[in-house]
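Read off the chains here:
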Amino acid sequence: MIHDAADPSVGEVLDAQICIVGAGAAGITLALDLIGSGLSVLLLESGGLDEETETQSLYAGSVADERLHSPPDRYRQRRFGGTTTIWGGRCMPFDAVDFLRRDFMPHSGWPIERSSLLPFYPRANLLCEAGPFAYTMDETFGPGFTPMIGGFHSENFSIDHLERFSCPTNFAARYGHRLRAAANVRVILHANLTKITLDEAATRVARVEAMSLDGKAFAVRADRFVLATGGLETARLLLANRTQQSAGIGNQYDVVGRYYMCHLAGTLGAIKIQGPPTRVHHGYLLSKEGVYCRPRFALNESTQLRLGIGNFVARLHHPRITDPAHRNAMLSLLFLAKPIIPYEYAKRLHGDERTGAADWLRHVRNVLTGPLDAAGFALHMVRDRMLAERKFPSIIIKSKADLYSLDFHAEQAPNPASRVTLDEARDPLGLPRIRVDWRYSPEDVVTVRRSVALLAEDFSRSAVGEFRYDPDQVEYEMTRYGAYGGHHIGTARMGADPRSSVVDSDCRVHTVDNLYLSGSATFPTSSQANPTLTIVALALRLAEHLRRQIAHA
Amino acid sequence: MSRQKILVVGADSFVGSRVVRALQAGDWAEPITATFDAPALRAGLSTVDGVVNAVMGSPQRIRAAATALYGSADALHTSARIVHLGSMTVYGKDDGVFAETAALPEFLEPYAAAHAAAEALAGARPNAVILRPGCEYGPGCPQWSLRVADWLRARRIGDLGAGGDGYCNLIYIDDLVAAVLMSLRSPAAAGVFNLALPDPPTWNEYLISFGIALGAVPIRRMTRRRWKIETRLLAPPLKIAELAQGRMGLSNRSLPEAIPPSFQQLCTQAIRLDVSRAEQVLQMRWTPLDAGIAATAQWVREVRGG
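Here the protein sequences come in this chain order: A and B.
The first sequence begins at 233 in the numbering used here and counts up by one.
The second sequence begins at 149 in the numbering used here and counts up by one.
There may be inaccurate statements among the hints.
As the list claims (entries may be wrong) - Within a straight-line C-alpha distance of at most 25 Å, the following computed SDA-like cross-link-like pairs (lysine to any residue) qualify:
#1 A:K504 x A:D605
#2 B:K153 x B:V196
#3 A:K520 x B:R303
#4 A:K623 x B:T416
#5 B:K241 x A:R410
#6 A:K427 x A:S478
#7 B:K376 x A:H612
#8 B:K241 x B:Q412
#9 A:K520 x B:V365
#10 B:K241 x A:H235
#11 A:K427 x A:G243
#12 B:K241 x A:S478
#13 A:K448 x A:G243
#14 B:K376 x A:V614
#15 B:K241 x B:K153
#16 B:K376 x A:D616
Please keep in mind that the hints were generated in silico from the structure rather than gathered at the bench.
Note that the structure is predicted; figures quoted are calculated from it, not measured.
If we strip away everything but chain A, and leave its shape as in the complex, we get (with noise of 0.2 Å):
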């Protein structure tokens, strides 16, 4: 069943025995496997139906370096299906050594091992549309697969692996029937959890106060409540309940809000394969289930626990849009069609340079001189991307020239303080709004620094071809655009110890009972990967564990 706050029947207080505070990738998960547990379930949504100004402001805050991270309410959506609404799709799993505890890198380690999130993985990809779990070339295509690059070996990259892409999955769109149509579970929209509500003790939540931005105020008892608001907004909402424990819920350590990251990630270089072009297939793959795949290289975990690094991968990539020399007509004609793509899409063609009106000429000149490619890329765009239901993922160019870019994404070392704080302003519901500091250290330089260098070494031995940069330049083309957007990883930090983590090995608040958290804030390392997949395998193990809790009991 699907409400909404203003609905009469939302009384003033409701009943459940599980209250999920938001409907994005976890929460829309938990609420999808706990459908016909006969367990009563409330979900409670900010937004509405479709994104709405006036909710998707109280996402608004500050960000400590404004080139460093976007605006708090960019690359986040408050509305149903939450920011699956506007997700790129890629999917991967964590790697076996993001779970470890590194000596090189300072905080890591997860107190659950990857064997413990490995049966949840395969709904997880399901869930997300990516068709089977299977993340290499070998499973996916079977033996005789088409290498990435022909000839190319190396002992400290794999080309064997693979990212698969979701549609991407607007989860609200694509599972809000099964929700609406589900007997033991309620959604109600509009819903804004402004206050937790601790009981004497402190140790469980009595009840969570909820508020619709017109008004409309009503109160949830429930015997276990799970926040699944995302990695800014979890912590935002810890530490905005101080009336009862002054640092905020489950902040008695003062982690909540710490170890922030994101992914850190940019193009460089030039890449010039030799060799007849067909020796590159760097673009996607259709997977017998239909499922967009993609090659790319992966730093192997013995290089990286050798070499004392941080995760990394990286794909061949077009030059960069921007700068008209790249004289592609596909490119030029992407950077004059940025007024209409979406800022979380567009970030990379604003870039950071001055383009000019020369530079706008000399885009139109390149759309002129090419007026079939253009004109193909277009066609394809609108038939594979606009109008499909499973969007080609992104832009791929086949270099006649035989010369591309590196595209990299590379993990980010747990650091206490790049963190989340509250802000002196607050929002209209009077929560006190999110102060972003995000930061990054000398570990995640050498993290990218070494593993190019590495790759540059590994295509001069494998003799495919050259890879050429400029050393100095790493660092600033991996914060270019600043924290990779869209992924807030680490807030709300999952561990053995509390006085280091905010959450126990099954995401339960330390110190709250009957409080747990669900999303990328609990996750302790950031891995290469994106989150989603992980999120969502998560949600799964959470949702077993509440079902085997609630029965016990």
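Got chain A; can you put chain B on it based on the hints?
Just chain B, lined up with the frame of chain A:
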């Protein structure tokens, strides 16, 4: 020991023909076939030990067969075991898990209502067993195998997204035939039995697995727009053209078969059959889905080529 005589009514149907073949292959029974006009039925019924009603088709045909068969049985006061092949459609369009004891909806669409009426007539007979299969599939199956395979190979269906989240209550044809034979032979068999995989796939899972087995890859993700056009806009004229061709005596293979709106609705229905009674009483064991799909795809390749 003499072989039992089993009258199979509707032996021209897919399931009926497979029942006849199975009876012929065994050593305990001899199948007798009959059309369902009353004199032929009376002649047949007077000498047989068991009856299988496997009549399929239009609502009128289902009703007429049941009326004639069970009316004739009444007239002859026969006590022969009757196995009636019904349909899960009698549970209607609601979602949920349905056991045989579930009350049937008062209002049903014509096809389901015909099955419900036929079941009621059969159930009034002593010694009757009513089987309610889900979607039968397997080699030789025109409706849920060959037709679906044609749609998949033409990329007219595939991954239906939210439109394919309903449960596909498949039953492999060999399992259905086994249930019929067990119902004829087992003295304990009585009443109604649901028949389908106990853990059915969703329609999306079935369509994707079947498409891959057929080599109809990559599976196409249908947009809601395209799916509506196929089932709402194209289906009526295709059906009319098919009927017109039939009346003119032309081959109907020259036109693609319509994907009816009822199929679209079925693919969204979250209905599951509780088959525990069939497992306990009829000792049903189910052919694994992977094996069933592989055998079916092999048969489709033989029939259609490729």
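Quick rundown of the hints versus the structure:
At roughly 22 Å between alpha-carbon atoms, K504 of chain A and D605 of chain A fall within 25 Å of each other, so this suggested pair holds. For the given pair, K153 of chain B sits about 5 Å from V196 of chain B by alpha-carbon distance, which is consistent with the 25 Å threshold. A hinted pair counts as satisfied when its Cα atoms are at most 25 Å apart, and K520 of chain A with R303 of chain B qualifies at roughly 13 Å. The straight-line distance between the Cα atoms of K623 of chain A and T416 of chain B is roughly 23 Å, inside the 25 Å bound, and the hint therefore holds.
Under the criterion of a C-alpha separation no larger than 25 Å, the hint pairing K241 of chain B with R410 of chain A is consistent with the structure, at around 16 Å. The hinted pair formed by K427 of chain A and S478 of chain A meets the criterion: a straight-line CA distance of about 14 Å does not exceed 25 Å. Annotation: proposed proximity of K376 of chain B to H612 of chain A holds, straight-line Cα distance about 23 Å (limit 25 Å). Proximity of K241 of chain B to Q412 of chain B is assessed by CA-CA distance (about 12 Å); at most 25 Å being required, the pair is judged to hold.
Of the pairs offered as hints, the one joining K520 of chain A and V365 of chain B holds, with about 5 Å between alpha carbons and a cut-off of 25 Å not exceeded. Under the criterion of a C-alpha separation no larger than 25 Å, the hint pairing K241 of chain B with H235 of chain A is consistent with the structure, at around 24 Å. Between the alpha carbons of K427 of chain A and G243 of chain A the distance comes to roughly 17 Å, so the proposed pair stays at or under 25 Å and holds. For the suggested pair K241 of chain B and S478 of chain A, the alpha carbons sit about 55 Å apart, so the restraint of at most 25 Å is broken.
Restraint check for K448 of chain A and G243 of chain A: the C-alpha separation of about 10 Å stays at or below 25 Å, so the hint holds. Distance restraint check for K376 of chain B and V614 of chain A: the Cα-Cα separation of roughly 20 Å lies within the 25 Å cut-off, and the hinted pair is therefore satisfied. Note on K241 of chain B and K153 of chain B: the hinted pairing is violated, with a Cα-Cα distance of about 38 Å set against a maximum of 25 Å. Proximity of K376 of chain B to D616 of chain A is assessed by CA-CA distance (about 19 Å); at most 25 Å being required, the pair is judged to hold.
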